[in-house]
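**Student:** The lines below spell out each chain.
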Amino acid sequence: MSDTRAGVAFPFDDPLQQREAATLGMWIFLAAELIFFGGAFVCYAAAGYVHGADFARASNRTTLPLGATNTAVLLTSSWTMALAVHSAHAGRRRTLLGFLLLTAALGALFLALKGTEYVEDFHQGLLPGRDFRGSGVERLFFSFYFVMTGIHALHLVIGIALLLALAAIAWRGRRPLPMMNVFENCGLYWHFVDIVWIFLFPLLYLRGRHV
Amino acid sequence: MKATTIYWRVYVALLALAAATTAVAFVNLGVLSAPLTLLIAAAKTLLVILYFMHVRFSSAITRLFAGVAFAFLAILIALTMSDVLTRGWLPPSTPPVPKSARSP
Amino acid sequence: MTDAAHALRPDNYLNVDYRPRSWLLTTDHKRIGILYLLSLTFFFFVGGAFAVLMRLELLTPQGDLVQPETYNKLFTMHGIVMVFFFLVPSIPAVFGNFLLPLMIGARDVAFPRLNLASWYIFMLGGLFTLGSVITGGVDTGWTFYTPLSSLSGTQVTTAATGIFIMGFSSILTGINFIVTTHKMRAPGLTWMRLPLFVWSLYATAIILVLGTPALTMALTLVGLERIFGIGIFNPAMGGDPLLFQHLFWFYSHPAVYVMILPGMGVESELITCFARRRPFGYSFIAGASLAIAVLGFLVWGHHMFVSGQSAYAGMIFSLLSFLVAIPSGVKVFAWAGTLFRGAISYETPMLYAFGFIGLFTIGGLTGLFLASMAVDVHVHDTYFVVAHFHYIMVGGMVMAYLGAMHFWWPKMTGRLYPEGWARLSALIVFIGFNLTFFPQFVLGYLGMPRRYHAYPAEFQVLHVLSSAGASILGVGYLLPLVYFLWSLKYGKRAGANPWNAAGLEWQTPSPPPPHNFTETPVVTEEPYGYPVEQRG
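As given, the protein sequences belong to chains A, B and C, one line each in that order.
According to this note's numbering, the stretch in the first sequence is residues 1 to 211, in order.
According to this note's numbering, the stretch in the second sequence is residues 1 to 104, in order.
According to this note's numbering, the stretch in the third sequence is residues 1 to 536, in order.
Among the clues, some could well be false.
[Claimed, not checked] With a cut-off of at most 20 angstroms between alpha-carbon atoms, the simulated SDA-like pairs for lysine to any residue come out as follows:
| # | chain 1 | residue 1 | chain 2 | residue 2 |
| --- | --- | --- | --- | --- |
| 1 | B | Lys2 | A | Glu184 |
| 2 | C | Lys492 | C | Glu347 |
| 3 | B | Lys2 | A | Arg92 |
[What the hints assert, rightly or not] Reference listing, derived: stretches of chain C covered by chain B, where coverage requires no fewer than 3 residues with Cβ under 8 angstroms from a Cβ of chain B:
| # | stretch |
| --- | --- |
| 4 | 291-302 |
| 5 | 310-317 |
These are calculated hints, taken from the structure and not from any lab test.
Built from N, CA and C at the ideal position, the CB exists for glycine as well.
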C-alpha cells in the first residue's frame, strides 16, 4: 500500500524533509562507526602507552612507501568523491559517473596496494600467528596493525560496492540527480573511511621513524 | 569561490599535511611527537569534515551530532586512559596479616 | 457497529491483510512492534527457563541438580538472553515502534524498511544465540570477561556472533527513532510538547547508537583472539585484559539505562493518566532523561573497582556514579509530585506503575551503596549486586513493560483484558518479586557470592525463600500470557480511548488504521491535557 506524496518516499511529506532525514540518519550511523573504530584505537593507545619503545621498533617494520602511497591514493579518492557529489548536485550525469568510477578505482588501487603489502608482511613473518618473527610485544603491535587495517579495508570494500551501485543508478538515470540523496550520503561514508585512515597511517606507520 | 576551487585547495592542503606528518616523523621531537602527530591528523580530519562532508554549510543538528560523536569518543579514550595512566601511582597493597599469625 | 460488521470491514492495521507475507514483509511500524512482541515474549520465557533451573539448584546448599559447568552455562545464558534479547529491545522495540509515530502524529517512522530490517537482524542474532545454547552453551557469564572468554572451550564465538548481529538491530532502531523524532513531528508539536515517553525513547536511542558500537568492537576483538590468537587482551603477549572490560562496560553501563529509560517513559504516561494530572516538572523529567543518557556514559568503571583498575580512576568513576543518580531522583520526585492531589484510580497499569516507583527506588538507592568504592569492595560479585540490578531491571523495567502491555493493549488489539485477573496477576508479581529478590540483598551482605551453585548451609533459608518467590513470580508472569491470549477472542471490544488518556495515539481508533491518521493532526495545546473529558 503505497501512499507517496509529491514524488517523495513514504512517509515523508516533501523532498527537503526526506533529504534532511536521510543525511541526519547517515551522520548518526557514522557516529556509531566512529565509536566502533574508536574502541580499537583506545586499545591501541593503551597498549602503545605501556609498550612505547617496543611499538616504535615494531612500527618500523611496516612498509612506509606503500603506506604513504596509499595515504595519497585515499586522499585523492576523497577529492574525487567530493567532485562526484558536486556533479550530482549540479545534475551533470556524465561527470558524476566518471568521478564515481574514478573514486572506486582509487579505492581498488588502495586495496591492491594493501594486498601486496600484506603479502610482503607475510613473507617477512609479520602475521601474528605461530610463525611470527619477533618479540611478543612486536607481535602485539602487528595484531593491532592487521586488525585495524583489516577492518578498515573491509569498510573500503563496502564503500567500493556502494560506489558501483551508485554508478549503476547514475547510469540508469530515472530521477533528476539533484533530488537524490544517495550520492551525498555515500560521500559521507567514503570520507569517514578516509578519516579513519588519516589516523591509522601516522599511528601505525610513523611512530618509530625518528629512532 | 566556486565549490570545485574549494575542493582543490582542501585536497592540496591534505596532501601537504600528509607529507608534513611523514617528514616530521623522522625528526626526534621527544614528548612532542605524539601530540603533533595527532594535531596534524586532527587538522586533516577537520578539513575533510568541514569541506568534503559539508559540515561548514550544514544544519545545526548535523553539526551537533558530528560534535557529539567526537565528544563521546573523547570520553571513551580519556576515562580509559585515566585508568591506564594512573595504574602505577598507588603501591600494591599488602594483604592483611591474619589474627592468628600476629604476635600476641 | 456490531462485532460482525467490525470483523468484515478491513479498517485497521491488523485485518487489512491476513496473508503471512503481509506480515513478514510489512513496513508498518505497528506490525513490526507486534513482531517484536512475539519474539520478545518467546525470549523472555527462554531466559526465564534458565532462571528456573538456577533457582531449583539453589534450593539446596550442595551442587546436586546440575554439574558446576552446567550451572555456569545457565547463569550465562540467562543473562545473555534476558539482557540482549529481552530487556534491551523490550519497550523500545515493542512500544516504541508501535507508539512513536502515533504519538508524534506521523504516518510511520522515518525509515520503515530499515525498521523491518532491524527485526530480521534481531531474529538472526537470536538464532545464533540459540544456536550457541543448543551446541553446548557458554560459561563465561554474560559479561564475557577475558581471558576466560578467549580461552573457554564453550560456544563463545557463536554467542558473541549472535550478540554482535543483534547490536546492529539496536543501532538501526536508534537511528530510526532519532531521525523520526527530529523530522516527523506533526505541525505544532514542538519538543516541549512531546509526550515524556517520546523523550525517553529519544534518550534511549542516543545511548543505543553511541554505546552499542563499543560492544561490537569488544566482541569482535574477543572473536579474533579466539580464532587468530591475537593478544590484545592477553597479558602473556603484552596485552591487557582490562581493555576488554573498558570497552565492554562503555556499552554495558549505558545499556542499563537503555534498560530503564523507556520504563521511566512509560511510568510518566501511566502516572499522569491514572492520577489525572499534568506531570509535575515536565521539563525536568525531559531534561533528566537526556542527563541520564549523557552521564550514563561517564560511569562505567564502577563495574571495575576490584578488577585491577587504577584506584584513582576508580575515584573518578565513583564520583560520577553519584552524579548520575541525581536525574533519576529528580524523576521519582516528579512522579511523586504528579501523584500529589491527583484523582488516583487503581487499574492494572497503575498498579504496575506503583510497583515501579517503589522497587526502582530501592534498586537505585542500593546502586549508591555500590557506587561507593569502599562498600563495593565487600559486596562486589555477591548477591547484593544481583539483587540491586534485578530490583531495577525486573522490579522496574519488567513492571513498566507489563504496565505498558496493559495500558496499550486495547489500542494495539482493540480488546480489553479482564481487569480482575490482571490485578490479581499484578499482585502476584509484586509479592513474588519481593520474595525472590529481597532475601538476595541479605544474602549478598552476608557474603554469598554470585554465580555460585553451592553454598554454606547457613544461607539455605534465604535461598529457599528466594526460590519460593521465583515460583510465585513465574505464576504472575504466566497468567498475563493466558488472559491476554484469551482477550484476543473473548475480550470486550475497546473504544478509541478506554482510559480517557491524553495523547495523540488515543485519537485513533483501536486498533489504528494502517497509516495512523487520515489527516496529519495539528497540535495546538500543551501535552497531558488532563482531566480529559469523558468519552463513550
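**Student:** Verify the coverage statement for the stretch 291-302 of chain C against chain B, using a C-beta to C-beta distance below 8 angstroms and requiring 3 or more qualifying residues.
**Tutor:** That given contact holds, which follows from 4 residues of the stretch 291-302 of chain C lying within Cβ reach (below 8 angstroms) of chain B.
**Student:** For the pair we were handed, Lys2(B) and Glu184(A), check the Cα-Cα distance against 20 angstroms.
**Tutor:** Status holds; Cα separation ~18 angstroms.
**Student:** Cut-off 8 angstroms, C-beta pairs, minimum 3 residues; does the coverage of the stretch 310-317 of chain C by chain B stand?
**Tutor:** Satisfied; 6 residues make the cut.
**Student:** Does the structure keep Lys492(C) and Glu347(C) at a Cα separation of 20 angstroms or less?
**Tutor:** Measuring from Cα to Cα gives roughly 16 angstroms; hence the hint holds.
**Student:** Tell me if the straight-line CA distance from Lys2(B) to Arg92(A) falls inside 20 angstroms.
**Tutor:** With a Cα-Cα distance of about 16 angstroms, the restraint between Lys2(B) and Arg92(A) holds, given a limit of 20 angstroms.
Checked against the numbered hints listed earlier, the structure breaks none of them; every hint is satisfied.
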